[in-house]
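K.L.:
Sequence:
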Amino acid sequence: QTALSSASSAVYRSLRGRASWKSVTVLVPGNWPDTCVPAHSTIPSRGEKPDIKLGLPHPVYRDTPWTQQTKPCGQQGDFIYLSYRLFLDQNSYNQDTLAREWAKYRYGVFDEIGYFDDPVYPSCYYSDLTEEIQVNGCSDKLIAERGMCASGSLNISALVNPEAQTSLLFTNSHKVDKFCDASSHDRFAPTKHNNLCQRKSVMQIINQHPDFTNGSFMTNEPINTTPTVIYKRESLTRYVIVIEDTKDMIIRESWSYLRLAIRKWVVVQLQGEIEVALVSANETSATLLQKLTPLHTTAARDLLASNVPYTPGDSRAACLSCGINMAYKLLHDRSQMNGPASSVIVIIAPGTMEHVPELTELIPKLNKAHIRIASITYPSQVRPRSLDWLAEETDGVKYTVMETKYNMATSYISTYFKLTNVMWEIQRAFYQGDKSDLPIEIHRKEIIDNGQTSVVGSFVLDDSLGEPAKFTVLTHNTENPLIRSISLMSPSHRIYSTRSDALLSLKLLNIPANINETGTWTYTIERFPGSPQPHFVQVMATPRYSSAPVVNARLFTSKSFDDLILYAEVKRGEYPVLAAKVEVTVTKIGINGSVHRERFELMDTGSGDPDLMKGDGIYSRYFSACMGGTGEYTFEVTVSDNGNTAYTWQHGHTYEGPLVTDVPCCGSSMPAPTVEPLSPFQRVLPPVTLHIEKTDSVSGRVGDLHAVILPADLKARLIWTAPDMGGKSVVKYELKYANSIGDILDGFNSAFPWVHGSSPFPLTPGSETTFTLDFTKNPSLLDQTLYFAIRGFTDQSEQGKPGPISNWVRVNVPSPPPPPPVITSTSTAYPIWPPQQEESAVPNLAETFELNLEFILPVLIGILLLIIAIIIYCYFCFRKRAKKDTQANHPEKPLNVSIVPTENGNNINHQTPTTPNYEVNTSSTNVPSLPQYEVRVEDDPNKRYSMTPYEGVMPNGNLSGPGNYGNGNLTVINEYENRNNTLVREKTLSPYQSWTASQLLHEHERRQSPYGQVEDYSQYYPPPVPPLPNYQQEIYGPAGGHLPPPNQFMTYQPNPPLYTPSLQGSMSSVNSSERKRRNVTMV
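Reading the sequence shown from the start, the letters are residues 1 to 1083 in UniProt numbering.
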């Protein structure tokens, strides 16, 4: 209480006496006894949402108070986090620190201090007012630097003037207890507040808040700043379900789905201390179907669910104000009698009219009684306005579930599935107690009829989840679910295949398995083909203990000007989940039933617009109706581990050192301590439906522009994150520079465009973009201090509307140093360097050749490809040369054959070979069968060949004419196996394969006659084939032998033989020898 009173006084001083805390509600944990509170008693909570959380020291902030801010400037943050150790010693608590965090949380302002090594919000910077480095901050007195910027460690307390009074967002030392206003604010300092709040002062943003716009806090009289501290405990939730009872509620099976969803919610899902009532609203009045009833017994739950009408009424309009007013009276009267509780009105209807004064008048009365509305626009929006505005006005939750048509009489079962999930989320939103008592969905899968009769899936149960857990399959047809079997296998390979029909009345098939084993579970579902409706597999599990680190995700939205921003918070326990995949599916149903779909991913980039900090587990992105047009858009978000790449901070990594209350964190990104990978996970968030107008505004600003100077190359590199231009990609950039910060920010249109080279290349949103400023193309800009800024366009045309201007960045590229002097032996030597009357040589060369990255990179790639091509060419050349050398060094081995005559295809006894007696019949036109010879190849003794000579011999010994050419009567070798004399194959042998050396030499001498060229008769006759050798000493036999001498084969020539008998002697010498195996060589 002492800390809260001092903090309220600090808030009062920081806001210049305009506001303080009137009351503070402390929610006591459910497991704390009443003796922990001063009055030893608590009262039931009304469902208050905490503004400040107390917990263990943070791994990054340690004991320093901090605020989670995710929305744009001027919008309230998420919460303030305080370490419990701050309240153990009153001397360690600084009330001004909590006042600072309250301003950030309540009014949406940001720090006015820099951070060490932050590229966007540096701790020190150079301004355009002085050449000396300055400390980044805001104060009404001059901030001394004292050389600390060079050391990299700043002691803010030592730098602030002792008489300074601002700003608390810079420091809380000395007399500082207020925020900067317009008189003390530095618009151009690169602080986080300037970058995100359009360079307005902190007090300007605070004065625009609804707390001060009506002037109700303007007073000069002192007020009591001591707040009233109330201790409450979450204990009870009261629901009143208001259903519209008209014809608009029934579209095919929508009403029966609603009855089943309410029964499932009341009988199965609702947990804890619950009281529920049921009201229906018709055209003129409201009907109480069931009074507020505690759901302590199964009978009470069944009775409530049974009072939902079987069919809706016949009217077309409903008095929703009548139903809400009756619900208000039920909740108000019960609070008067039994004490306060978290009071919620769940209204289900197809929308409201544009102007309903009766409903508008009820809003203040509901807010005063702390009654919130949870709206479900169902089964379609048949009226101009959805129910979302009722939830927004009462700080409730809003959902939309649209009926989907299967045929004229049947709705898709997905309608019922979405409705039950939305009602489950309503319980989680208003549950009074420890949220770890509620199960969470860890797996979901839709099974459609795609021809597969067997479907296999899996889910991972990590060590923080367990019983109670449930595996269910949703089916449309309860009498014939069209499922043959269901089996579930645990990580230890235990099979669960027993099916339970206990929940079949709710269209659910259940596997009663003990889902408590950590690891990967696998299920197999055998379906009958031809199922018209899908099946939905859903797995629920419960955290094992209250502080179990379970992955949770939530979807929320905000507005920046006219564009919608989508946010998804993904955390395991209190620690952010990094590198997760957050996929958004957008659906818009047209008037004629057409469907417009978009799909994109949310990003955690820390670019400043819209994502404020990288690494905080908040994923965001813009969305606009530029593509789909004005209408109702439904957003469905699926969060997954991104293929086992997601990770988080190590669980249990809690700081336990000395008290640390001044950690300077965090600017554009949050540093990550020790991290660990995450098990595969999947979270499907409930759909959100919003009405979005199509506008011409362009959002998306480059908020993280920073520069790196490359003095050796006379260049500077600009780096930024490609902006999300209101849900669209940037198509071009406009980069400009000026000589002062004011000229580049306030006079961007008149600043100098960067025309020295190409323009920045646009990339997809979230991509890191770099651009090199080449000062060699304009050396006159060297040594000048320039200030750059950039903005994007979504249209290539000249009339395209630009996006906001980025933050500024300072660039100063120095000139190259002069060449070193040349040391000479005499003073009369001529100087090597000419007088410095012209520009540097490096810029001249750069101007001549225009060498920049865009030119050098293609040239390098081309040279590399050329070198690779030359290497490949040389490699094949060497291969070819090596092959030729191998052939030259290793000539072909001669083929050694032995020829043995055969008779009728049978071998003659090789022991006593005899010479066959073949006689040429010259008196008959029929040429007798020519002899066959068996040829043995020395390299392969297992093979023998049968060889038949050419049969083109005329009875007179001459060759046959052209008419008999090509009859296949050339010398042929038949292959036999040595073992069984079986013919294997038959092929024609060339003369080089079948002739002896003397025969080849004879043919060579015939062709190369020294008497001149013999007339070529090859066009009429085939070349002559010398006879095969017999197995006598003389290869051609005696003169009276059966085969004609070689010259007989020359009788076809018209001229006498052109060879001399002396040549025959050479042939005889070649053919002499008694060798029976001859070496056939090619001549």
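The reader is advised that the hints may include incorrect statements.
[Unchecked claim] Computed list of lysine-lysine pairs in BS3-like fashion (alpha-carbon distance at most 30 Å, straight line):
#1 435 to 247
#2 398 to 614
#3 614 to 571
#4 49 to 365
#5 398 to 232
#6 368 to 22
#7 715 to 732
#8 588 to 736
#9 777 to 736
#10 49 to 141
#11 588 to 405
#12 291 to 141
[Stated by the list, open to error] Simulated restraints, written as ranges between beta carbons of each label pair:
#13 210 to 30: 30 to 36 Å
#14 872 to 711: 37 to 43 Å
#15 491 to 210: 22 to 28 Å
#16 561 to 182: 18 to 24 Å
#17 405 to 731: 34 to 40 Å
#18 337 to 256: 48 to 54 Å
Don't read these hints as lab results, they were simulated from the structure.
Fair warning: this is a prediction, and the values are worked out from it, not measured in the lab.
Glycine included, C-beta positions come from ideal geometry on N, C-alpha and C.
K.L.:
Does the structure keep residue 49 and residue 141 at a Cα separation of 30 Å or less?
P.N.:
40 Å, violated
K.L.:
Is residue 588 close enough to residue 405, meaning Cα to Cα at most 30 Å?
P.N.:
15 Å, holds
K.L.:
Run the distance test for residue 777 versus residue 736: straight-line Cα separation, threshold 30 Å.
P.N.:
Holds: residue 777 and residue 736 sit about 16 Å apart, inside 30 Å.
K.L.:
Holds or violated: residue 435 with residue 247, Cα cutoff 30 Å?
P.N.:
38 Å, violated
K.L.:
For a C-alpha distance cap of 30 Å, please report whether residue 715 and residue 732 respect it.
P.N.:
22 Å, holds
K.L.:
Quick one, are residue 291 and residue 141 close enough, alpha carbons at most 30 Å?
P.N.:
Answer violated: residue 291 to residue 141 is near 66 Å, above 30 Å.
K.L.:
If you draw a straight line from the CA of residue 614 to the CA of residue 571, is it 30 Å or shorter?
P.N.:
Roughly 14 Å between the alpha carbons, so the hint for residue 614 and residue 571 holds.
K.L.:
Does the Cβ pair residue 405, residue 731 satisfy 34 to 40 Å?
P.N.:
Holds, since residue 405 and residue 731 (Cβ atoms, about 39 Å apart) stay within the stated range.
K.L.:
Sort out whether residue 365 lies within 30 Å of residue 49, counting only the CA atoms.
P.N.:
Judged against 30 Å, a Cα distance of about 19 Å means the pair holds.
K.L.:
CA of residue 588 to CA of residue 736, is that 30 Å or under?
P.N.:
Not OK: residue 588 and residue 736 at ~40 Å, beyond 30 Å, violated.
K.L.:
Next pair to validate is residue 368 with residue 22; report whether the Cα-Cα distance is within 30 Å.
P.N.:
Roughly 16 Å separates the two Cα atoms, so the pair holds.
K.L.:
Do the Cβ positions of residue 337 and residue 256 conform to the proposed distance bound of 48 to 54 Å?
P.N.:
36 Å Cβ-Cβ, so the 48 to 54 Å window is violated.
Against the hints set out earlier in the document, violations occur for numbers 1, 8, 10, 12, 15, 18.
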